[in-house]
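Asks: Residue numbering for the sequence shown follows the numbering used here, beginning at 1 and increasing consecutively.
It should be emphasised that the hints constitute simulated quantities derived from the structure, not laboratory data.
In silico DSS-like cross-links for lysine-lysine, where the CA-CA straight-line distance does not exceed 27 Å: (1) K181 with K253; (2) K611 with K622; (3) K532 with K753; (4) K615 with K220; (5) K615 with K309; (6) K611 with K220; (7) K615 with K214; (8) K627 with K332.
Here are the computed distance ranges between Cβ atoms for each label pair: (9) L602 with K214: 23 to 31 Å; (10) T598 with N301: 17 to 25 Å; (11) G250 with D109: 49 to 57 Å; (12) K214 with N125: 53 to 61 Å; (13) G428 with G250: 44 to 52 Å.
Glycine included, every Cβ here is placed at the ideal spot set by N, Cα and C.
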Amino acid sequence: MGAVFLIALILYFYRSWHSMERQNTVYSTMEEPSLPVAYVSSGDYLMNPMHAYLQDMGKQAARDMITVLPQDRQLKLVVQEYDNMVASASYEIRTLDLSHLIEKGTVSDISRSDGNASLVLPIQNLINKDQAYLLHITLETGAHTLNYYTRILWTDRDYTKSMEDVAFRFTTGSFDSTNSKDITTYLETKDTADNSSLGHVDLHSSFNQIIWGKTGMQPKGRFYMTLKEFDGMMGEIQISYESYMTDENGEEKHFLNEDNFVFRNDPERVYMMDFDRTTHQIFEGDSEDFAGKRITLGVGNTDDIAVQKSENEHYIAFKTDQGLWRYDQSSKSGHAVNIFSYRSDTDDGVRANYDQHDIKILSVSDKGDVDFLVYGYVNRGSHEGYNGILYYRYDSSNDTVTENFFIAIPEVYDQIRWNLEKLAYLSGDGLLYLYYGGSIYGIDTNSLEVVTIATGLQESGFASSDTQQYIAYQNPDAEDIYHAAKITLVNLESNQSSEIQGGGYLRLIGFNQDDLIYGIINPAYASIYTEKHKIPISEIHIVGPDLSDKTSYAKDGLLFTNVRVSGTRLHFDKIRPVEGGHYEAAGEDTIISNREQTDARLSGVGSYTDKILQKVWYIEIKDLGTKHVRSTAPKNLSLERASSIDLNITEDKNVIPMFYAYAHGHFQGRTRTLEEAYELVYDDFGYVLTADGEFVWNRVDKSTMVTIRNATALAEEPLTKLSKLTTIDTYDTYSMVNAYGMDLSSALYFLNKGYPLIAYLEDSCYLIYSYDSFNIRLVDPVSGSQNVVGREDAEAMFRQDGNRFVGIVPHKT
1 MGAVFLIALI LYFYRSWHSM ERQNTVYSTM EEPSLPVAYV SSGDYLMNPM
51 HAYLQDMGKQ AARDMITVLP QDRQLKLVVQ EYDNMVASAS YEIRTLDLSH
101 LIEKGTVSDI SRSDGNASLV LPIQNLINKD QAYLLHITLE TGAHTLNYYT
151 RILWTDRDYT KSMEDVAFRF TTGSFDSTNS KDITTYLETK DTADNSSLGH
201 VDLHSSFNQI IWGKTGMQPK GRFYMTLKEF DGMMGEIQIS YESYMTDENG
251 EEKHFLNEDN FVFRNDPERV YMMDFDRTTH QIFEGDSEDF AGKRITLGVG
301 NTDDIAVQKS ENEHYIAFKT DQGLWRYDQS SKSGHAVNIF SYRSDTDDGV
351 RANYDQHDIK ILSVSDKGDV DFLVYGYVNR GSHEGYNGIL YYRYDSSNDT
401 VTENFFIAIP EVYDQIRWNL EKLAYLSGDG LLYLYYGGSI YGIDTNSLEV
451 VTIATGLQES GFASSDTQQY IAYQNPDAED IYHAAKITLV NLESNQSSEI
501 QGGGYLRLIG FNQDDLIYGI INPAYASIYT EKHKIPISEI HIVGPDLSDK
551 TSYAKDGLLF TNVRVSGTRL HFDKIRPVEG GHYEAAGEDT IISNREQTDA
601 RLSGVGSYTD KILQKVWYIE IKDLGTKHVR STAPKNLSLE RASSIDLNIT
651 EDKNVIPMFY AYAHGHFQGR TRTLEEAYEL VYDDFGYVLT ADGEFVWNRV
701 DKSTMVTIRN ATALAEEPLT KLSKLTTIDT YDTYSMVNAY GMDLSSALYF
751 LNKGYPLIAY LEDSCYLIYS YDSFNIRLVD PVSGSQNVVG REDAEAMFRQ
801 DGNRFVGIVP HKT
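Please construct the entire structure, taking both the sequences and the accompanying hints into account.
Replies: Listed below in structure tokens is the structure:
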């Protein structure tokens, strides 16, 4: 009896202790999406789905979409409330740079039907036509203050309805065999197009690819249409939707798709200039996805995939279609865990499938633990409605995902991704290193202490190696990136730093895998800019992580500029200094590394051809034999350690002007020169903006013929400012843009803005004031003499002389 009592007592205290221990841990589940989504009611469509922000995004969300106002400016909105109720609504209109408040207003009349709230914004006659503004809508629900953003445009040239109709018919027609023949009107099929994958198709693809091959694909749910851009001539429309097919076993496979269209309006009709569809299959983790030596991911693109293995290779973490999985290939029974996904079976898709976020795998331990970041817009859970960075750890021993901290950042997903692609590295001792906004931060993931390692960096003055274990940055205290006296190289794993000094000013170029590439600027040329407003270097050096010399390159009498790393190749232009403080071209050159270029992110990733789905991606694993893999979700989400961290990111008011490139509905990058930006988006019919959202260049917004009257008088003042030209110089009524390096056809865009194009030939300056399909017309602003040159001859003539152009862009008032 005493023994039984003792055993019972021990069990009691054990259970009590175990219960107390669990009471100290906060377990939860990720809440379902809860916030309302607002739409613009535009004719037959509910357009521009606006997702709610619980933070003030300022002007950061301005590029998400643009809304063309009806002529009476009465903007109709429909709010899908879900379990919320909109109690009141207000709005304000500002200029895109937020410097001027144009209008504030409230809405008192809110009607409801079928779970939706309808309201009208009574926008007054205070805005200028053909000028874009930022509209900030605030909805009060009692539980939340919700912020929604769109740019608005009031214009007499609203051709968006025709564009929307064509885009909608094209997308829906690809599923409808009776209407799909209309699609052939727009196709520009080429024999050289890649017709092997449904993951990416465009106007050059075959008709069979556009209509989903042999899959029998069908849409599932609604089509969500967004007007991404419109300027009176060019329109860009994005349609997002889910689809499904039934395989030979009768099982449904699901896909997420994004169709992007670029249109141009001409007097006769609307022309489709570009179409681009990306598709990725939703990885279900079914048993048939794990077979033989493969985990079959399905249709997609390598941009959607990332793989990382534990050192002992027992565990494989992989990201696909914005979900994170871990596979245990050492398990006798086979086991996969869907660690993280915003996808939800109870949501209609517009919130759970919202794709403005991504996942970064940081580490996979030999015990099966996985550290990872989720960044961008938070679709669901305790931080829903915020943009930022979440740091999680999956603990394999107790099958729990733990939220460690959240960094709220009021910038859109594309900008957050742009920063984290530069640096997001977790060292073995638990220090998380991030680059953001010109600063390098170190976060102790145990104590959550934040240390700023360097600040005031310019983007091109910072670089990380392929693995991001090594980083390098120029002296942030230097006058600019061309006058840095030292470069600091840091091994983030050992936390050891080294400095490179001497030989002149130092210019960071980048990395080839773990080898650092930098240049030396001869002080004698440190103040003599090239025509593209760059300082050339006189020597190129490549050193290993221990600063041991790998190779160097120098030529007597030559300098190097436009140095760029592309895989294992280093490309650069050669120039020669001449009298008068100028340079002349001396050809191009390339340094080739004998190292094999590998992408660790795609380690073990391959593809094969399926008879129905075409190109299918997979991950190599150990042979499963007859094992059947089971897939589970983590048992718990722990908020015990959940904290908020503030990086105190501040906007640097003194940064150099940058050019922002956009195409296919997405931010493609920012660069120091217009030439670099337009090259990023030229093939995709994209456009380039300033930081304040002003158009600098747009491939589509160009008429077939233009003539500028009084060209010499219009250019009289700008011509006096050429000697001060940098990359973009802003004056009271116009900006001057350094367009050196652009081809003639692209540079003729500037005539569409009402000013002639300044062009150089040898030592002479001309004004191009007119063009059509066959000729261009030039005038010498000094002598007044005019000349007509055929288009092909002119393009060859300017190309041979280096394509030296300067564009003038008027400011909208």
